[in-house]
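First to last, the sequence lines map onto chains F and D. Take the first sequence: its position 281, counted from the start at 1, is 281 in our numbering, and no numbers get skipped. For any residue, its number in our numbering is found by taking its place in the second sequence, counting from 1, and adding 1000.
No lab work stands behind these hints, which were simulated from the structure alone. One thing to keep in mind: the hints can contain errors.
Pair ranges (Cβ atoms, derived) [stated by the list, open to error]:
1. D:V1049 x F:E204: 17 to 27 Å
2. D:E1242 x F:D68: 52 to 62 Å
3. D:G1220 x F:A67: 28 to 38 Å
4. F:D78 x D:S1076: 29 to 39 Å
5. F:E229 x D:V1049: 23 to 33 Å
6. F:E51 x D:E1092: 41 to 51 Å
7. D:E1092 x F:G262: 50 to 60 Å
8. F:R254 x D:V1250: 23 to 33 Å
9. D:S1076 x F:H278: 39 to 49 Å
No more than 30 Å apart at the CA atoms, straight line, and that leaves these computed lysine-lysine pairs for DSBU-like [claimed, not checked]:
10. F:K89 x F:K69
11. F:K200 x D:K1127
12. F:K228 x D:K1095
13. D:K1127 x D:K1028
14. D:K1127 x F:K91
15. F:K200 x D:K1050
16. D:K1059 x D:K1095
17. F:K69 x D:K1073
Built from N, CA and C at the ideal position, the CB exists for glycine as well.
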Amino acid sequence: MKIAIASGKGGTGKTTVATNLARLMSLSRHDACYVDCDVEAPNGHIFLRPEICDARSVAIPVPRVDADKCTGCGDCGDICQFSAIVCIKEKVLTFPELCHGCGGCSLVCPTGAITEAPREIGVVEVGKSDGLSFVHGRLNVGEPMAPPLIREVKESLPPGAETIIDAPPGTSCPVIESVKGADYVVLVTEPTPFGLNDLKLAVEMTRQLGVPFGIVINRANVGDDRVKEYASSGGISVLLEIPEDRRLAEAYSRGQLALDLGPQYAQKFALLWEKVLHDALCGTEKTIHIV
Amino acid sequence: MKELAVISGKGGTGKTSLVASFAALAEKKVLADCDVDAADLHLVLSPDVKREEVFHGGKKFAIVQEKCSRCGKCLSLCRLDAIRENRSEEGEVKKVRIDAISCEGCGVCAYFCPVEAIESFRGEAGKWFISDTRHGPMVHARLGIAQQNSGKLVTVVRTQARQLAEEKALDFVIIDGPAGIGCPVIASITGTDLVLVVTEPTLSGRHDLERAAALAGHFGIQVVVCINKFDLNPQIAVQTREWCWRNGIVVVGEIPYDPVFTQAQLRAKSVVEHAPGPTSKAVEMTWLRVRDLLQQHQAATELPAQRRDRAGCSPRALPVKPPPPVASPGRREEGL
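Chain D extracted, bound-state conformation (with noise of 0.2 Å):
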């Protein structure tokens, strides 16, 4: 079995697009929508949802008000900006209080209160799910507004996919990645066999892509291209051609700006089931060739469970086994 993780960098090049068509296209596969914050492959797959389940994230805190007695120790404590402070117009503190947006669960605050007038809560912050479409098993999620721990969504997610995919001999994990290179990205390609990065010929987009790139070289995680739009710029993408060239990076596919996309996503569908054409062709050829590599791969390092599962904002409620020794991080360096 095998893992694809589908990234860009920068937003907006047509990942959720690309995968849709490879759920088309792909056999004996599960895909998983780790865009947690912004899922959008649900619109064009329709779901049929089997299983949902509530995600916990990590905790909060708040003040019992009843309990307070406004020394302000939390306000000192706090790095985070979280604590508040509500004062009459003479500057008397009238109450305190947690703003829950910026409180980010680490409990220092609670732990230091000397009358433990500050108390955890894990609400919901989101939820996920597992459900059949018209082109197999689906796992996706919706992280809560405003919540953090995005990147533990997209391990959860990630970690379902995976079991089904060995509960059903599936041959491959289709992962619909977010924008970025922070947690909820490296969430999403820890672990896998191969990093797809979808591009556009801009200087945005390439300059996004040797980001994209470096991250996943960071974690020894083979890298291929794809040059979405190539028609926009072309000059561009023969820069872009000749950079993935020069850094050893295959470029698996180049598909032209085309309408379609649009008029597909206006139907739910995927473009080649929408309209077969060049375009279609250009993006079936990525597929076969991202399948041809995917199929070829020998895994290099095989990164230990644990470490897989803690990528992100691992909260405390993991489990945590005994693991090897982290060496200090040292500066890192841009590009390849």
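Chain F on its own, in the form it takes in the complex (with noise of 0.2 Å):
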């Protein structure tokens, strides 16, 4: 089973909930596995500490364009929807950072002039912690798109792993990357009007994608009971509340998993993690793909 942890809102608490999630499963299982996607600042490794075993550079194919075989004909630009390859009087120019990798400049080059050279965008490791498998990718600085990286680190699971991803925040590509075939979502949020805002994006954007999905609420006595609210009048499962504790916090920023804080929270998350299965497995809500 894949589970997703996402929010719309950054710094809810994705990551302390997937890195605690994933080693308390990884305490009772052999093939648990942690995936972080949010490749534009991954944070993960940061808790689980993992040993890498294997890292590799991820790269887009982008169009090299021999001069000599260049007719000027101005195909290229015409297919080209991202205006990374244009044709301006009968001179190619390229702006690889705009290129998506679609390959149909060089399928529709008559002259045979344009080839694909991969272009870095970032790395995919893999590792191991303590029994559980790590995976996370690196986008490098300057590079605009996650969702090919995204893609590469899915592609890099271990085969029928029980995974935890972490997701990105937002709602737009690279989470939509992150979250897609997932079997179930845990929103994080927290109980405030940012919060809630950006749950109604998220829970929108998730039931598009027609994935079944239940909230964890954190630092749950600080703001107001609208999340609460929004939560019981949409028949959404609320999971998990995890009170506001100035000790986790505190943990979180020597990068020390809750888990380690003391049974309280090994309960909180084994809980957490017994709701998922259950919704996950009987469904709690009836989506539609939309397509």
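Taking the hints as your guide, dock the two standalone chains into a single complex.
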């Protein structure tokens, strides 16, 4: 099963939930895996301290134009939807950072002047943290596009693993790419106006993807009840509430897992895991996949 | 007119809360909420929308079923795994369709379809707004659910904000940026005069601060830092300050962790409006230092306008003027 931990708002506690849940799972099963899809700002490794056993560079195929063969016909510029290759006055210019690697320009070139060369966008690293499999990606600074790297990160999962996916914040393409194909989504929120606003967006996104979900309310006592009211009026399962805890925040700041603070957190996350399994296998929400 | 972009790398460090207070403190400015897929600034500034426009984003493609011969050519060409085949129990292809969420709009399938059964469409991908607030004009947006092209929508917000600032002869554009370092963040910072990275004294915050600062450096923009919630871990706060000092980055503010931030938010107010006190004072000092730096700043390199506009996932529809040739990018180095 693949369980994605997402949120909408940043800083609500996705990585806290994802790393602690994954560590807890790994204590009772050998096929647990944590995958950090927040390739722009990966943090899971800070808490899980994996031993990396394999690292590979990830590249997008971008056009390389042979000027000798190029006739300046402009077909490449015509097919490109991203202005990554343009033909001006019969001269071709490329903007590799805009390229989505679709291969259209090289296919369409009548003289075979365009070949594809790999352009590195980041790295995928695979390792182990005390019996927990670990995969993450790191986007090169300056690269605009996370989704191609996220796809490669997900391709590197050990097959058949029980996986926790740590997704990036927001609701746009990096999150979609991370959450796509998950069996269940845990949306982590906080009971504040920003938390509620972004939770609603994340719920819409998750419903569009057609994946069942529930929510975790972190820092549960800091704000007001609007998140709980929203959940209850929408028939959304509240899987867990974690009260604000200065010790937890301090442990987090040091890169320490909540599980290390004592049995109360082990109990909370065990309860969360039970509820997630139950909801994922029974299905709490009927959702329609919109194509 | 100077542009300030507030980013963080790590989410949840307090960007929007800080920008809301800057809105109350700064004079003669436009606010630009560039966190287009999870915008929150409007929850504090309560904008009165004066203008609303549709954002069309990039093209998507769909198969016209009556024309489709189910030859599978599109499936063989699609590199985004966006083509889906529905097969009968015997394995016969009954229907071929494009998953709109996976489709990135490259159009290769449509170009090569032997029966021209694939058409493009440009739906509504979001909305953008120009509004009045109690602290001046604001440009903001909302990206449609599961839409791409967030970078392009950010660029629309930036362009409108800049235009408004020029029309009204305002001094600043203050940009509330998204988390991360990808295309919407790049579109939020390119061409600005100063990037303020809001960080927190945690190992995660440090890690992401270094990436966010490196991103600004990559685009040749001066970086300053504000350490929010600094008393959460004073040791890491000190280490962060030392890292900034070693890298020539000015720390413009250190703000304590304070429940007034949440209390203010619950009342749709910024901290400086809601609770005058030491925390408010720290926020005010941060703004004053940022404002002074902006006023002193001489733009070292002015990026050409067309390069600024094409930051992020630009679709074909943007006008393309002859740009300068781009050097082949080498391996990016992390950190400074």
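Any hints from earlier that this structure breaks? Give me their numbers in increasing order, please.
-> When the structure is compared with the hints, numbers 4, 12 and 14 turn out to be violated.
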